[in-house]
Every structure is written in C-alpha cells, then in structure tokens.
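Protein chains in written order, with numbering that gives the first Met the number 0: chain S, 0 to 667; chain E, 0 to 176.
In case anyone wonders, no lab produced these hints; they're calculated from the structure.
Please note that the accuracy of each hint is not assured.
[To be verified] Footprint (simulated), chain E over chain S, 3 or more residues, beta carbon under 8 Å:
hint, segment
1, 257-265
2, 450-464
3, 647-653
[Unchecked claim] Output of the computed footprint for chain E on chain S, the stretches with three or more beta carbons under 8 Å from beta carbons of chain E:
hint, segment
4, 237-244
5, 522-530
[What the hints assert, rightly or not] Taking lysine-lysine and the DSS-like style, the derived pairs with C-alpha atoms no more than 27 Å apart in a straight line are:
hint, chain 1, residue 1, chain 2, residue 2
6, S, Lys-254, S, Lys-333
7, E, Lys-38, S, Lys-397
8, E, Lys-30, S, Lys-392
9, S, Lys-644, E, Lys-104
10, E, Lys-30, S, Lys-644
11, S, Lys-565, E, Lys-104
12, S, Lys-356, S, Lys-430
13, S, Lys-356, S, Lys-341
14, E, Lys-30, S, Lys-565
15, S, Lys-445, S, Lys-350
16, S, Lys-356, S, Lys-333
17, S, Lys-565, S, Lys-297
18, S, Lys-625, E, Lys-104
19, S, Lys-297, S, Lys-356
Small disclaimer: the values here were computed from a predicted structure and weren't measured.
Here a beta-carbon is modelled for each residue, glycine too, at the ideal position from N, C-alpha and C.
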Amino acid sequence: MLKCRSVWRKLAPFAGASATLCRQNVRRTGLNNGRTPAHVPAAHMATGPAGGGGGGQNHFYVLLVGGTCLGGAIYAYRTVKGDQRRYQERIAEISSRPHRRAKEATTSIRTEAPAVAEAEAQVKPPSREPSGPAPDAESAAPSETTQPPQADGPVFGGAAEEAPAEPQVEEAARRDSAQPSLTLPWHAPYLLIGGGTASFAAARSIRARDPGARVLIVTDEPDLPYMRPPLSKELWFSDDPAVTDTLRFKQWNGKERSIYFQPPSFYISPEELSKAENGGVAVLTSKKVVHMDVRGNKVKLDDDTEISYDKCLIATGGVPRNLQVLDRAGEEVKNRTTLFRKIEDFRSLDKVSRNTKSITVIGGGFLGSELACALGRRSHDSGLEVIQMFPEKGNMGKVLPEYLSNWTTEKVKTEGVKVLSEALVKSVTCKDDQLEIKLKDGRLVKTDHIVAAVGLEPNVDLAKSAGLEVDSDFGGYRVNAELQARSNIWVAGDAACFYDIRLGRRRAEHHDHAVVSGRLAGENMTGADKPYWHQSMFWSDLGPDVGYEAIGIVDSSLPTVGVFAKATAKDTPKAVTEKSGTGIRSESETEDVASSAAAPSAPAPAPAVAREDDYGKGVIFYLRDKVVVGIILWNVFNRMPIARKIIKDGEEHADLNEVAKLFNIHED
Amino acid sequence: MTPTLPGGLLHQIGFHIFIWEEMTTVRQEGKDKIIFVTKEDHATPSNAELVEENPDDPYEERGLILPNGDINWNCLCLGGMASGPCGTEFKEAFSCFHYSKEEVKGSECLDQFRTMQECMQRYPELYPQEEDDVPEENTSKAEPTTEDATATDSKSIFDSVQASDSTQASVGSPLES
C-alpha cells in the first residue's frame with residue numbers, strides 16, 4: 000500500500016507532464032490514420048505517436064519526450080527502491096530492540112515484571128545512546144539478581160534503569176552523592192516534592208506527630224534542605240574566605256551555623272527508609288518529579304522511577320523570573336547574567352564579584368536590594384562598581400510608602416550602590432566583552448555582569464498531570480485554608496496560593512511563611528485539620544541603618560499610617576539593632592551616616608522639622624477598608640507578637656497613634 | 000503660624016500641622032499619613048482595644064502541654080528533639096517523665112533516658128554533649144520556627160522543658176526571634 004502510494008507520488012508529476020506532452024504531440028502531428036487518443040496516455044513509456052507526417056521536427060519532439068519519460072522513469076524507480084531499503088533497515092532495528100530487553104526481563108525475579116519491563120524498554124531506548132546495548136543487558140542481569148526481592152512489590156520500576164552499566168556511567172556519576180538508587184523505595188507513606196524550607200518544616204512536623212513516620216523528600220537540587228535568606232545576606236558578610244564551601248554564617252548572637260537545616264547525619268538514606276524501625280526522613284537529591292498520577296497515588300521521576308505515596312506535599316517553590324529582553328538577548332548576554340536563587344547561584348555570583356569590575360542588579364525588591372547592598376559592601380574593598388536599576392521610584396517601591404522608599408534608596412546609595420530609579424530596560428547587547436544596557440529613556444549603562452532579581456515564577460509543572468488548580472491572580476497551586484489541594488495532596492511555601500481566613504486569598508514568598516505553612520501542612524497531613532492562622536512574618540536588612548520586620552499584607556498601594564519616634568541623639572539604629580540583635584551591622588559605618596539623612600523627594604520641609612525626616616524607628620500600618628492588614632516594624636524589634644495580635648483581631652481602630660503606643664517605640 | 004484645618008482635610012502634600020497640646024507632628028503625603036511622636040506623647044497608656052484571647056482556640060499554636068494534658072510533640076519549644084533520629088527514644092523518655100507520679104519525678108524512667116542518651120551519642124553532630132542550657136529556638140532570625148536539634152545533655156533539656164511546662168508557653172510568643 001505504502002509502496003504503491005509512494006511510487007504513484009513519485010511518478011505522478013512525470014506521468015502528468017509526459018502524458019500532456021504526448022497528447023500535445025499527438026494532436027500536433029495529427030493522428031491521421033485514426034488511432035484513438037485514448038491509447039496515448041497509457042503509452043508514457045513508448046514514443047507516443049507513430050511517425051508519419053511532420054518531418055524532422057517531429058523526430059526531435061519524439062526524441063525529447065521519449066528521453067524525458069525514460070529518464071523520469073529511471074529516477075522514480077531508483078528513489079522508490081532506496082526508500083524501501085531504508086524503511087526495511089529501520090524496522091529491523093526497532094524490532095531487534097524489544098527482543099534484547101525481553102531477554103533482560105526474563106532473568107529478573109519480579110512476578111509482574113514482564114509487562115512493566117516491556118513498557119520501560121520502550122521508554123528507555125530513546126534516552127540512551129545506541130552505543131552499548133549488549134554490555135548493558137549483561138550487567139543489568141546480575142544487578143537484578145542481587146537485589147533483594149521486595150516483599151510486596153508491585154510497580155517497582157527502578158532497578159533496571161539504574162544499573163550502573165557502561166552507557167550510564169556518566170549519568171550515575173552526576174546523580175551520585177550517595178544515591179545509587181538501586182533499591183529505591185517504591186512507596187513512601189509521606190512524599191514531599193521539593194527539598195526547600197517548606198518541605199523540611201513539614202518533615203519535622205510529620206515526624207513529631209506521627210511516631211515512626213517515614214518521610215521521603217524528593218528534590219531536583221543536589222543539596223540537602225537549606226535556608227535561603229543567608230544567601231543574600233549573612234553569607235556575604237562573612238570574613239571566612241572558604242564561605243562558599245562551608246556555607247556557614249554568624250548569627251546575631253555570635254553563634255555560627257550552617258545554612259543547611261540539619262547535617263547529613265540527621266537524614267537516613269532512601270534505601271533504608273522502608274526498613275528503618277523508627278522511620279526517618281530520607282532525601283532523594285537531583286531527581287525531578289515530572290508526572291503525578293492522583294488517581295493512582297503515585298508520581299514519576301525524570302528517570303522513570305515511580306513512587307507511590309499515601310500523603311503528598313508539593314513544595315516546589317519557584318524559579319526566578321527573567322526579563323524578556325534578557326531572555327531574547329543571545330548567548331553572550333546570557334553567559335553574563337545570573338538569576339539568583341540557589342546555592343550554586345551564590346557561589347557563581349561570589350566568584351563573579353571577585354573577578355569583574357562592574358555588576359548591575361536589575362530589580363528593586365527584597366532580593367535585588369539585598370544583593371545590591373551586599374555587593375556594595377564588597378565594593379568598599381575591591382573597587383567593584385555596583386549599579387542597581389528598577390522601574391519604581393525607589394528601593395522597595397512596591398512595599399514601602401513613597402517617603403520611606405525614598406529614604407531607603409538614599410541609604411542604599413550610601414552602601415556604595417549606584418541607584419538608577421525609574422529605569423526600564425529596553426535592550427541588552429554584548430560589545431567588546433562588556434554588556435550594554437539601553438534604557439527606555441535613553442540612558443546607557445555599561446557593565447560586566449547582570450543579576451536579574453525581578454520576581455519568582457511559582458513552579459506549577461505538576462498541575463497538568465495531577466489535575467490541580469492553578470490560581471490566575473497570584474500564580475501557584477490553589478489550595479484551601481488548610482493548604483489542601485486535593486484529598487491527599489497539600490501545597491506549602493512559595494508555590495501555594497492559599498486562603499488566609501483573615502487576609503483573604505494570597506501567596507507569600509517569604510522564608511517564615513515557608514516555615515509556617517510547611518509546618519501546618521505537616522500537621523494537617525497527620526490529621527490536624529487546622530487552617531492557616533498563625534501569621535507569618537518577614538524581615539529585611541539593608542545595611543546598618545535600615546532593618547525592619549513586617550507581617551501581613553504590606554503593599555505600597557494601600558493607604559498607610561506611619562508613627563515614628565522623633566529622633567533624639569541617642570537613637571541610632573545601629574545601637575538599637577546591636578542591642579536587640581537582628582542582623583549584621585557593619586562596624587565601619589558610623590553614626591554620621593544616620594544623622595545626615597538626605598531629604599526625601601517630598602517638598603523640602605521647614606528647617607525646624609528637618610530632623611523629623613529621619614525615620615529612625617517607628618511602626619507603619621497598612622490599611623484596607625480601615626482595618627490594619629499589614630504592619631512594618633521599622634527598626635524596632637521583638638514586638639512581632641503585638642503586631643501579629645493586631646492583625647489577627649482585624650478590628651477597626653479610630654486612632655492608630657493609640658495602637659502605636661502598644662509598641663513602645665521609644666524604648667529599645 | 001499654621002491654622003488647624005477641620006478634621007479630615009489634611010491632604011495637601013507637605014503641609015505641616017502642629018497640634019500644640021500634644022507636640023505630635025502629623026503630615027499627609029497623598030494617601031500616606033506620617034506622625035512623629037515624642038516619648039512624652041506615648042507616655043500615656045493606650046486606649047486601643049484588643050480582642051480578648053481565647054485560651055481554648057483550636058487554631059492557635061499550642062505550648063508544650065495541650066489542653067487535654069497530652070504532650071505537644073510539635074511544640075516549637077522542643078526544637079527538633081522529637082523529630083530527629085532519636086525522636087522515638089526522646090518521646091518515650093519524656094512521656095515517661097511527664098506521666099510519672101513518683102516522688103522524684105521520672106525516677107522510674109532511667110531506662111528510657113539511658114536508651115535516649117545512647118542514641119544521642121551516636122549522633123554527636125546533632126546532639127552535641129556540652130553544657131548549653133538554651134534549646135536553640137531563638138538563635139536565628141532566619142528560622143524563628145525551625146531549629147536544628149542541637150539540644151544538649153538530657154538533664155538540661157528537661158530542666159528547660161519543665162520550666163516551659165509550668166509556664167504554659169502561650170501562642171508562640173516567646174518563640175519569636
């Protein structure tokens with residue numbers, strides 16, 4: 000059938016052309032002797048009309064047509080034969096592969112194996128180079144016989160793939176770090192997808208509440224769970240030159256700790272998970288969950304392993320957003336751009352900061368400002384030029400009210416950062432080994448490296464396969480007040496768009512929220528059924544003079560009421576924060592900086608009140624329909640419980656100055 | 000001298016209003032109100048009304064002991080003690096201690112304590128054996144609610160836990176940064 004069609008297709012043009020040629024010739028020369036034209040098309044091989052009349056011209060035509068037809072026919076024939084040959088070869092190759100896999104499967108111990116193995120065999124060949132199928136089969140066989148039979152093992156799916164055979168050596172090495180995954184647990188009572196803060200908090204919660212719980216964390220990063228805030232703060236202030244390896248930082252109380260929540264000895268290996276008497280937490284690193292089958296209560300990893308679960312938490316966090324102009328800018332620009340989120344980004348940016356002369360941070364939010372300040376600190380010693388640009392009018396423009404945002408921007412500038420506000424990037428090109436950033440208003444910035452801190456895209460890759468709802472307003476998986484998406488599935492952390500009973504549906508991208516929501520999800524996975532109630536907080540430090548804690552919805556588009564202490568001589572933020580101990584404060588910064596605050600962009604006040612523009616410390620209330628929905632504690636610390644209480648109450652307060660009294664802002 | 004305007008019409012940018020009686024400065028910048036207060040301004044007690052706390056609110060964070068007398072193993076005060084590799088041993092020892100009705104509380108629980116200590120000695124990284132009294136909640140602002148189980152030898156742990164036991168750590172307040 001195929002043969003006929005391909006033949007016809009190849010010949011049709013020729014058939015058509017030669018047939019018309021023939022017919023034309025026939026009519027021209029005239030079939031005087033009455034031969035019917037009907038015969039002519041059939042005779043595309045023959046030389047059409049019989050000789051007779053016409054003279055030499057006819058002979059020429061006849062020869063031309065005949066030659067064309069013959070040539071066409073020969074070409075068609077050869078092409079068709081070639082196609083056929085190639086087709087046969089391909090079929091032969093494909094059919095030989097299942098045959099080889101089937102040989103492997105029959106040597107295994109599993110009972111339901113054949114069906115599974117067949118399915119896997121079909122999946123496996125495309126992913127593997129056809130370089131060494133034979134040695135694979137041989138080494139796969141012994142590995143299967145040595146693996147202990149899984150007691151009640153249905154869908155196993157792991158061993159054959161993971162045999163560290165020749166063609167897979169490079170894969171095994173990559174996945175290494177104690178993850179040979181020969182005897183991967185195929186069933187995890189508690190499966191946590193994602194290995195970040197929320198996941199770890201949930202694991203701890205589950206272990207506390209369910210005795211002997213077996214928890215499996217699957218993460219696509221190569222690292223054990225770690226906390227993110229120090230990556231843009233404390234780690235940059237460390238004096239230790241080996242900090243990029245040790246990842247240890249000094250806390251406010253002087254004690255050192257690692258960014259990892261727990262050392263490796265806290266965890267058990269995935270292989271031991273099912274056998275451990277008292278359960279434990281196992282972490283499977285460098286593995287990504289690519290498919291989720293909610294009906295069957297199982298997930299599939301990127302190496303085709305399947306893991307079934309009883310309860311599952313999705314805590315996949317997000318990936319840094321990129322600017323469209325950077326995405327489209329080409330290889331050269333991309334090699335000089337950092338999207339900052341993980342440990343490897345910290346390491347690479349640290350290296351870059353030591354080896355370049357100029358870094359530009361695009362983005363004026365938390366991460367951008369913190370990185371700019373951290374790099375700006377470095378610039379004092381190294382002469383590194385640090386530029387920060389963003390579309391808003393001032394740093395934290397989307398969070399702080401304008402007057403405070405302007406004040407903060409001035410502080411950031413004193414940290415050694417060149418701030419370009421109201422800057423929209425139009426294009427980025429690479430010229431003479433330098434990046435040229437062209438802004439929409441015409442300004443041109445030349446720099447060596449770009450750090451893009453323009454937001455986080457929540458990771459909802461599993462929404463499609465799992466049939467989970469994604470929120471269109473805030474992004475992330477939509478979950479209820481108990482953080483539940485479906486009956487056995489919870490979502491926590493950056494990826495969760497949850498219903499906050501007090502503040503409404505929202506999504507928070509803060510560390511403490513990841514901890515609180517992860518913890519809550521863990522509680523609910525063990526039967527607690529509690530809604531999100533304990534409000535999470537967040538904080539930011541931007542140098543010695545700007546440190547604040549915040550809670551609730553802190554959006555600069557809301558009306559705000561700020562109550563500040565009139566600055567007196569002894570109210571230096573540096574002194575305050577050192578005493579209460581909140582962040583890292585540079586010793587070299589002096590109090591000169593604090594008192595000589597630049598005036599904000601509001602019209603210059605009368606000299607008598609110039610000192611009042613020094614927003615040393617205070618409380619800022621964010622209102623929505625006259626109810627306080629967010630609070631910032633500006634350089635006042637250890638008052639978060641009061642702030643939390645006010646938000647929890649959700650009352651309308653006539654005079655917020657009275658509420659501010661509760662915070663005792665004049666005291667330390 | 001700037002006249003005081005009728006209440007509510009403070010929407011001119013940069014307009015200063017001095018309320019002589021209170022020495023408080025109020026300024027309005029668009030939708031944002033800015034108030035500067037002196038220490039004296041805030042000396043009088045606040046008349047802001049707060050909603051009364053309900054001690055039995057099921058949604059709230061609980062202290063170490065739940066209303067029904069059980070131990071809250073997920074209490075922030077315990078750090079990671081109940082969830083680490085020696086979590087089971089810890090739970091057994093502490094449960095025995097908690098429910099002990101002996102003259103010397105916990106005297107019949109020596110076996111459980113010993114098992115727990117043996118377990119902890121196997122993980123010196125997680126349970127450093129030093130004289131450090133504070134279970135590590137309040138150390139890092141980076142993790143107000145998550146902690147590593149660097150709790151110390153069992154005696155001091157139980158001392159500190161017993162202390163919070165009697166004070167009924169409420170609503171997570173002492174456990175913030």
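Evaluation of the provided hints:
With 5 residues having a beta carbon nearer than 8 Å to a beta carbon of chain E, the segment 257-265 of chain S meets the requirement of three or more and the stated coverage holds. Against chain E, the segment 450-464 of chain S contributes 0 residues with a C-beta closer than 8 Å to a partner C-beta. That does not satisfy the three-residue criterion, and the hint is violated. Note: the segment 647-653 of chain S has 4 residues with beta-carbon separation from chain E under 8 Å; the three-residue rule is met and the coverage holds. Counting residues of the segment 237-244 of chain S whose beta carbon lies closer than 8 Å to any beta carbon of chain E gives 0, which falls short of the minimum of three for the stated coverage.
By the rule of at least three residues with a Cβ nearer than 8 Å to a Cβ of chain E, the coverage given for the segment 522-530 of chain S holds, with 3 such residues. Using a Cα cut-off of 27 Å, the hinted pair Lys-254 of chain S and Lys-333 of chain S is violated, with the two alpha carbons roughly 38 Å apart. Distance hint between Lys-38 of chain E and Lys-397 of chain S is unfulfilled; the C-alpha atoms sit about 31 Å from each other, more than 27 Å. Between the alpha carbons of Lys-30 of chain E and Lys-392 of chain S the distance comes to roughly 16 Å, so the proposed pair stays at or under 27 Å and holds.
Restraint check for Lys-644 of chain S and Lys-104 of chain E: not satisfied, since their Cα atoms lie roughly 37 Å apart, outside the 27 Å limit. About 25 Å separates the Cα atoms of Lys-30 of chain E and Lys-644 of chain S, which keeps this hinted pair within 27 Å; it holds. For a cut-off of 27 Å, the pair hint linking Lys-565 of chain S to Lys-104 of chain E is broken: about 54 Å separates their Cα positions. The suggested pairing of Lys-356 of chain S with Lys-430 of chain S holds, with an alpha-carbon distance near 15 Å, which does not exceed 27 Å.
For the proposed pair Lys-356 of chain S and Lys-341 of chain S, the alpha carbon gap of about 23 Å is at most 27 Å, so the pair holds. Between the alpha carbons of Lys-30 of chain E and Lys-565 of chain S the distance comes to roughly 21 Å, so the proposed pair stays at or under 27 Å and holds. Annotation: proposed proximity of Lys-445 of chain S to Lys-350 of chain S holds, straight-line Cα distance about 20 Å (limit 27 Å). Simply put, Lys-356 of chain S and Lys-333 of chain S have alpha-carbon atoms about 18 Å apart, close enough for the 27 Å limit, and the pair holds.
Restraint check for Lys-565 of chain S and Lys-297 of chain S: the C-alpha separation of about 60 Å exceeds 27 Å, so the hint is violated. With a CA separation close to 53 Å, the supplied pair Lys-625 of chain S and Lys-104 of chain E exceeds the 27 Å bound. For the hint linking Lys-297 of chain S to Lys-356 of chain S, the alpha-carbon distance of about 50 Å lies beyond 27 Å, and the restraint is violated.
The structure fails hints 2, 4, 6, 7, 9, 11, 17, 18, 19 (numbered hints given earlier, in ascending order).
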